[in-house]
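Next come the chains, spelled out residue by residue.
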Amino acid sequence: MEDKIVKTMTRMLLPFIQLYGIFIILNGHISPGGGFAGGAMIGTSLILYTIVFGLPKARKKFSHRAAEFMESGGLILYVAIGLIALIFGLPFLTNIEAGFSLGEPGKIFSAGMIPIIMIGIGIKVFSTMVSLFHILIEEEIS
Amino acid sequence: MKRHITNAFFIILFILLCYAVYEMPIDHTTDAPSYNEVVNHYIEQGLNDTGATNIVAAIMTDYRGFDTLGETIVLFSSIVAAASVLRPSKKKEEVDEHGR
Amino acid sequence: MNFLTFLVENINYLGGIALFLIGLHIVVTHSNLIKRIMGINIMGTGVFLFFVAIGYVKDGIPPIIIGGEPIYINPVPSVLILTGIVVSVSITVYSLALTIRIYQTFGTIDQKEISKLIQEEEYHD
Chain E
1 MEDKIVKTMT RMLLPFIQLY GIFIILNGHI SPGGGFAGGA MIGTSLILYT IVFGLPKARK
61 KFSHRAAEFM ESGGLILYVA IGLIALIFGL PFLTNIEAGF SLGEPGKIFS AGMIPIIMIG
121 IGIKVFSTMV SLFHILIEEE IS
Chain V
143 MKRHITNAFF IILFILLCYA VYEMPIDHTT DAPSYNEVVN HYIEQGLNDT GATNIVAAIM
203 TDYRGFDTLG ETIVLFSSIV AAASVLRPSK KKEEVDEHGR
Chain Z
243 MNFLTFLVEN INYLGGIALF LIGLHIVVTH SNLIKRIMGI NIMGTGVFLF FVAIGYVKDG
303 IPPIIIGGEP IYINPVPSVL ILTGIVVSVS ITVYSLALTI RIYQTFGTID QKEISKLIQE
363 EEYHD
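Chains E, V and Z supply the protein sequences, listed in that same order.
Quick note on numbering: the numbering used here labels position 104 of the first sequence as 104, and the sequence is numbered without any gaps.
Just so we're on the same page, the numbering used here is the position in the second sequence counted from 1, plus 142.
Just so we're on the same page, the numbering used here is the position in the third sequence counted from 1, plus 242.
Hint data in this document are derived by calculation from the structure and do not stem from the laboratory.
Keep in mind that a hint or two might mislead.
Among the chain E residues that face chain V by a calculated CB cut under 10 angstroms, a handful are [as the list claims (entries may be wrong)]:
no., residue
1, M12
2, L14
3, I17
4, S63
5, A67
6, S72
7, G99
8, L102
9, A111
Each residue gets a CB set at the ideal place from its N, CA and C atoms; glycine is no exception.
Can you build the whole structure from these sequences, using the hints too?
Printed below as a string of structure tokens:
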């Protein structure tokens, strides 16, 4: 895109969208939101960057190696947190009895393993959205 | 002619389904059949069991965390399926049998 | 007045049915492949709305625990639909990828012309 207004506004808006997305992911156990909504917001910000600035520049920001790393990393984080409970002899994916701290309700560092799982889900949804968009738009660079 | 028959058919279907909603036993109170003891247990013991004030997040990751793991696997396999279909194809130098 | 009361109280169910029928009308009428895929997505959205509307309780608040003794709405249908939304998006993406492949092979995305081309290929072979 060659428009100066669109390019300038995108450059100014992008950090705020991502910051809001990270806020929604981290407060998933206190207020409505959670991993899926926050991951979709961060993914939307990078899709906007791809549409405005073109595919080669967006590939530099989110390369193939980064997509592989994040996609597998989110899933491995989820399964690893679940496997911690197996060490203590409890079923897969137990929360409080496996040693995670309870904390007081209302703070960010509470509720055991829930924020960590929300971060894993958020990273995975964000990486999936951007990867699918880059795959579908690949053949058609004008 | 075909278009008018299709539109009339859909309007009749809409009226039929609205009548079905009219005959449904809708109950918007706490005595509804879907507000059973499982939901009461989630609401009363949710804060003590998990420590999260958002009940939807507590159900999704703690009480039913295995379903969310399966859904994450569905997201991963959708990328694998889409990428395997759209592999870049090499331009083959074949000529069609009609010479096009 | 009975009709108006019925309309206002159960508007979520009627909206879900309307979305489902609009999506079905799109699939049946048009012959463009991309429009049909979007119609299937709209049908899915209508079903999700119908399912979530079951959990409404009159004078209830959203299920975030604050002090006191309020009445909460039913949180279980919302949780079950979160997984369903992701599956619906995944199916739409795969169908669109297959449509790109169909365009590269046949040169058109109109369903009637594709049927004609397939019949001609079988006839000449």
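Tested hints:
1. Because the beta carbon of M12 of chain E sits about 31 angstroms from the nearest beta carbon in chain V, more than 10 angstroms, this interface hint is broken.
2. Hint on L14 of chain E is violated. Least Cβ distance to chain V is approximately 24 angstroms, over the 10 angstroms limit.
3. The closest approach between the C-beta of I17 of chain E and any C-beta of chain V is roughly 21 angstroms, which is over the 10 angstroms cut-off, so the hint fails.
4. Because the beta carbon of S63 of chain E sits about 15 angstroms from the nearest beta carbon in chain V, more than 10 angstroms, this interface hint is broken.
5. A least Cβ separation of about 9 angstroms between A67 of chain E and chain V falls short of the 10 angstroms threshold, and the interface hint therefore holds.
6. Annotation: S72 of chain E was flagged as interfacial toward chain V, and the flag holds, the nearest CB pair being 8 angstroms apart, inside 10 angstroms.
7. Annotation: G99 of chain E was flagged as interfacial toward chain V, and the flag is violated, the nearest CB pair being 14 angstroms apart, outside 10 angstroms.
8. Hint status for L102 of chain E relative to chain V: holds, with the closest Cβ pair at about 5 angstroms, below 10 angstroms.
9. Checking A111 of chain E against chain V by beta carbon gives a least distance of about 4 angstroms; that is within 10 angstroms, so the hint holds.
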